[in-house]
Amino acid sequence: MSSSTLFSLTLCFLVLFNCCFAQIEQVTSRHDQQQARRRSFQQSECQLQRINALEPARRIKSEAGVTEIWDENDEQFQCAGVAVIRHTIQQRGLLLPAYSNAPKLVYVEQGRGIQGAVFPGCPETFQSSGQFSRDQSQSSEDQHQKVRQVREGDVVALPSGVADWFYNDGDSPLVLVQLLDTSNPANQLDQDFRNFFLAGNPQRELQSQRSSYQRDQFEGQRGRQDEGESRRHQQDRHRNVFGGFDEKILAEAFNIDTRLARSMRNEKDNRGIIVRVEHELQVVSPHQSREEEREIEYRGGRGGGFNGIEETFCTARLKHNINDPERADFFNPRAGRLTTVNSLNLPILRSVQLSVERGVLYPNAMMSPHWNMNAHSIIYITRGNGRIQIVGDNGQTIFDGEVREGQVVTAPQSFAVVKKAGSQGFEWVSFKTNDNAQVSELAGRVSTIRGLPVEVVANSFQISREDARRLKNNREEVSVFSPSQSGRVMRLHECNCKLNKQEAVCLNQ
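Under mature numbering (1 follows the signal peptide of the UniProt record, and there is no 0), read the sequence shown as residues -22 to -1, 1 to 487, first letter to last.
Hints were generated in silico from the structure; no laboratory data involved. Among the hints, a few may not be true.
Listed next, with one range per pair, are the computed distances between beta-carbon atoms [to be verified]:
{"#": "1", "residue 1": "Arg36", "residue 2": "Arg217", "range": "16 to 22 Å"}
{"#": "2", "residue 1": "Asp235", "residue 2": "Gln260", "range": "23 to 29 Å"}
{"#": "3", "residue 1": "Arg382", "residue 2": "Val255", "range": "49 to 55 Å"}
Built from N, CA and C at the ideal position, the CB exists for glycine as well.
Just need the whole structure built from these sequences, with the hints factored in.
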């Protein structure tokens, strides 16, 4: 009897193990297929010879803000399969609800505000206790899905097809930098980014011009008449998604009259996609102290109370602040810090397949030369100035230049890159096309060169063993390097000055 029971239990465990293993294999296989799809698109797009640091190519004004779009036809963006957009929202400005065909990350560069995202099938968990009208027939209470307070340094992750909106309730402009991953497997359309607005009458220039650019390249130069017609065409406006439906169909679908259905189409609305709210936007939102917010994000990001398994789409954390120095992954008091947001501390990034790195370098400091092992890195400079060098597989320098605030440059996967701060310091945000992007360093205590035997280093570079040891061991720092002591000594020697108040200016030359 006992042997029969033991046999049954063993059989059950075998079946359970095989089912779990099959499910893990299925998830892994799906992830591999998604990465393969990204690679197949990019293989023909990444033949880069020279790239430039880019500023926005298009600037579209709205009633309460400005939208700037980088040239998505530039070869570095085509290689990475992304688009970059920046919204500047004025006080009491509302970025209209919209959804996209591609997942996106939003970095709050400046200001504070309110953000909402609507996930299909999720309940309206935020509700107000409204008051009934005199006839007791209608209530003024409101119910809606969760809204979030956002502030400078927040990274917000949004899957494709999720409608979202932003509102500036602060006293300074709210600046949002968005990266849309058009080569992500979640995008089943072409490589154009497409914004589907639920309201308003958006300008045509807001949509991707990648397909039209490629079509024009194929057809050749157009005549002046065609160019004039194209310019007039570009000044036309698109409609929101309700604008294409018959108003009677809309009235029946929402159980409203045709007058209200006609208003949903917004055909005569010329405010753009960022509109001004006449009075303060009234939404249901709990006011949380910064300490409470940081504690919740800390528990969620460091494995204290959550590990990602408990999260569902309806309750998933969508934001994580990357500016807080206390959350730095690497810190050097003489050089700066690096902070990463990936699927380990923001689990929803696993489905979005993106991550973010925030870098701060003090004046004249340097980030270790490195390469991104499994992701492209789209670098947006947030403050200061610096120098970036990027080297390709044949040793060719594809970028070597000074960069400043507001510019974007892309470091393709496996291309070696180094960043050095200027006299003002250097800060950036890197959007990476992998939810757990990995970096391999070329110099420093955890570098590839450090991991090689002395004999291998000596014979590879045709140097002495003593020089090989210096090459391996002279830099003991990790990731962020303080200004070179050898360079400082050389400067002091050339200046031939003493460290006193009158002659210390020599050090700053």
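Hint-by-hint comparison with the structure:
1. Arg36 x Arg217: 16 to 22 Å: holds, 20 Å
2. Asp235 x Gln260: 23 to 29 Å: holds, 25 Å
3. Arg382 x Val255: 49 to 55 Å: With Cβ atoms ~34 Å apart, the hint is violated.
Consistency with the previously given hints fails for number 3 only.
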